[in-house]
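From first to last, the protein sequence lines stand for chains A and B. Using numbering that gives the first Met the number 0, read the first sequence as starting at 0 and increasing by one per residue. Using numbering that gives the first Met the number 0, read the second sequence as starting at 0 and increasing by one per residue.
In short, the hints are calculated from the structure, not lab data. Don't take every hint at face value.
Said to hold, decoys possible - Here are some chain B residues pointing at chain A (derived, C-beta under 7 Å):
#1 G74
#2 S101
#3 R109
#4 T110
#5 L114
#6 A140
#7 A144
Unchecked claim - Sample of chain B residues lacking proximity to chain A, with all beta carbon distances greater than 10 Å (derived):
#8 A22
#9 G70
#10 E132
#11 P146
#12 G269
#13 A291
#14 I301
Using N, Cα and C, we set each Cβ at its ideal position, and we do this for glycine too.
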Amino acid sequence: MPVLEHRPTAPVPSWLPGATAPRTDPAPLLPDPSPVRMLGTDELKDQDPALLLDLYRRLVVGRRYNQQATTLTRQGRLAVYPSSTGQEACQVAAAMVLRQDDWLFPSYRDTLAVVGRGVDPLEALTLLRGNAHTGYDPLATRTAPLCTPLATQAPHAVGLAHAARLAGDPVVALAMMGDGGTSEGDFHEALNFAAVLNAPVVFLVQNNGYAISVPLAKQSAAPSLAHKAVGYGMRGRLVDGNDVVAVHQVLAEAMEQARTGGGPTLVEALTYRLDAHTNADDATRYRGSDEVTAWQEHDPLLLMERRLRDLGLLDDAAAAEASEAAETLAARMRAEFHAEPVLDPMSLFQHVYAHPTPQLLEQQHQLAAELAAEAER
Amino acid sequence: MTTMTPTRTVTMAQALNTALRDAMREDASVHLLGEDVGRLGGVFRITDGLAAEFGEQRCLDTPLAEAGILGTAIGMAMYGLRPVVEMQFDAFAYPAMEQLISHVAKMRNRTAGRLPLPITVRIPYGGGIGGVEHHSDSSEAYYVATPGLHVVTPATAADAYGLLRASIASDDPVVFLEPKRLYWSKADLDTTGAVEPIGRAVLRRPGRSAVLITYGPSLPVCLEAAEAAVAEGWDLAVLDLRSLVPFDDATVENVVRSVGRAVVVHESTGFGGMGAEIAARVSERCFHHLAAPVLRVTGFDIPYPAPMLEHHHLPGVDRILDAVAKLQWED
Ligand SMILES: Cc1ncc(C[n+]2csc(CCOP(=O)(O)OP(=O)(O)O)c2C)c(N)n1
Ligand SMILES: [Mg+2]
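Between the sequences and the hints, there should be enough to build the whole structure, so can you do that?
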């Protein structure tokens with residue numbers, strides 16, 4: 000919907016000083032008139048079959064990962080798990096479009112993308128297990144810590160992308176957030192900075208319809224979240240977030256554009272979380288089962304599997320192979336998460352500063368003495 | 000601005016400008032960003048001439064959004080740069096609080112030391128310049144209550160240079176509070192000496208009767224009070240903390256033990272403030288050396304007043320001497 004149609008597109012009158020003149024015609028920035036889809040279209044035939052199979056396999060493994068993490072949470076092995084069940088297409092595609100030198104800036108719901116990036120599941124889940132804030136080395140995989148304060152990671156992605164561009168490195172930063180996060184001030188500031196700095200950054204908004212219980216209609220009156228891009232002078236894209244091929248395609252285009260100096264893009268992916276917000280949430284208080292059922296019919300894994308079978312790209316052997324990989328991961332997660340984590344109380348004082356302050360040294364000695372006394376009892 | 004000879008008399012503003020220039024010359028990873036820091040040189044001219052010398056990218060005029068500025072600086076630091084952020088005024092740093100508290104202060108800890116953030120956040124603070132509301136806050140209590148941040152504040156031009164160089168060189172984030180009413184105070188500056196490490200208090204005036212413990216904008220007031228106290232028969236020491244975090248307990252203890260009486264002076268509000276922390280620490284550590292309770296002379300617990308009333312709010316010589324008079328001299 001061309002929201003800015005009513006804006007004058009006539010040339011700027013000659014008496015208007017240049018600084019206040021509208022700088023671009025918004026039309027080329029507007030999002031796709033309807034969400035981009037690939038799975039139901041002929042364009043699917045042009046895609047590399049190896050890529051399609053890889054995407055499928057990752058969806059299968061991703062779904063199993065979500066299920067296993069949810070089960071582990073019910074068993075008390077994780078403190079909390081914000082599941083991305085139903086959103087795996089976004090998670091998988093986000094991890095896939097990143098090159099090794101690129102950076103991912105995930106939110107709390109994006110552990111699957113983090114694992115897809117190559118981070119060990121055990122390390123990716125320490126935050127949610129509760130044994131350490133960030134269990135992985137962000138520099139090793141170029142993956143920022145999982146971010147919980149909504150949208151606050153977005154400006155970090157912009158700054159990193161800006162610094163990379165200054166260094167002449169072909170690095171792109173991908174920041175992930177939810178629909179609710181787009182209401183935060185940091186989201187606005189990040190998009191504005193990104194556009195002004197022409198930073199090589201891509202913002203992926205997974206619009207799953209809810210911020211905990213609050214539906215999108217109470218979050219924003221914009222025609223789409225992708226429309227928000229226009230106000231910043233940035234391209235907005237709208238994609239079916241459960242069509243993994245489409246998400247991959249749209250993200251890849253945005254990444255390429257950023258990498259080649261074309262600046263940032265805001266991508267809105269329409270999706271749905273099939274699970275509750277977290278294990279602690281009761282989703283029946285704010286949404287009906289008919290809605291969930293409808294989205295189950297539009298399940299990203301189901302859509303992909305059907306299409307690939309229609310095209311003759313997926314047979315039972317390949318499907319079995321994918322589920323075997325999924326079971327292997329799940330078995331490993333069970334084995335590793337059932338073991339008790341090793342915890343060091345003295346680590347509380349590490350890494351507050353490069354060198355502990357005198358005050359921290361005193362407190363460290365206090366805890367050490369308490370622990371020693373405890374050990375003697 | 001001309002290149003400085005090693006020693007000359009400069010204002011604090013010039014000393015800060017020289018520190019930024021020297022740091023940028025020595026280390027290409029030092030980048031400045033903020034509002035109006037480029038062509039204008041900042042509203043207080045602290046970045047004067049730096050965009051011209053180092054280019055607009057290294058002295059970047061950003062959009063007007065403090066959280067965005069600090070958040071962007073975080074990403075830049077993650078990529079290996081050493082950002083120095085200018086907040087235009089104390090009260091206008093508040094929009095960046097979430098980035099400061101949730102990310103700047105915690106990133107090293109959250110990542111087990113893998114992502115240190117060597118960011119310096121410069122904030123002109125405090126009153127006494129006749130500023131209208133939102134231009135005179137003393138916000139140090141918010142920052143010192145946030146583990147992971149260093150908080151320093153110079154009171155002299157020489158310290159402004161040395162502490163800013165040390166802050167930029169620090170691998171930890173530093174909130175660098177610039178007492179804006181001292182921007183035009185002058186001192187001799189020698190830029191050839193070694194950079195003073197963060198975390199050391201300095202005795203500005205020796206004395207045997209009692210010590211005034213202070214920092215930043217209140218230092219000149221305390222020195223004046225100590226001068227005036229001579230006529231009353233008191234020989235007051237004046238201790239300049241310079242670094243609020245880390246806190247120099249050792250020096251504070253030494254001085255307090257040697258004189259036995261202490262008054263903490265700062266212009267920010269008293270309740271839950273830095274003075275409360277200092278009084279508690281001194282009582283805990285020096286109780287048997289104290290001849291009187293530690294007293295505080297601070298701003299009142301009110302929103303910063305209108306400029307025509309601010310002199311009633313700010314600790315002045317008389318209020319400090321009144322506190323000194325209450326230190327149980329008869330005992
Ligand atoms: C600044 C901030 N405010 C509130 C919260 C609490 N909170 C956690 S998730 C959430 C909903 C976020 O919704 P959305 O952005 O749509 O992401 P989703 O959870 O749907 O993936 C809220 C309110 C938070 N984490 N950060
Ligand atoms: Mg949501």
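Subject >> Contradicted hints - numbers only >> reply: 6, 7, 9 and 11
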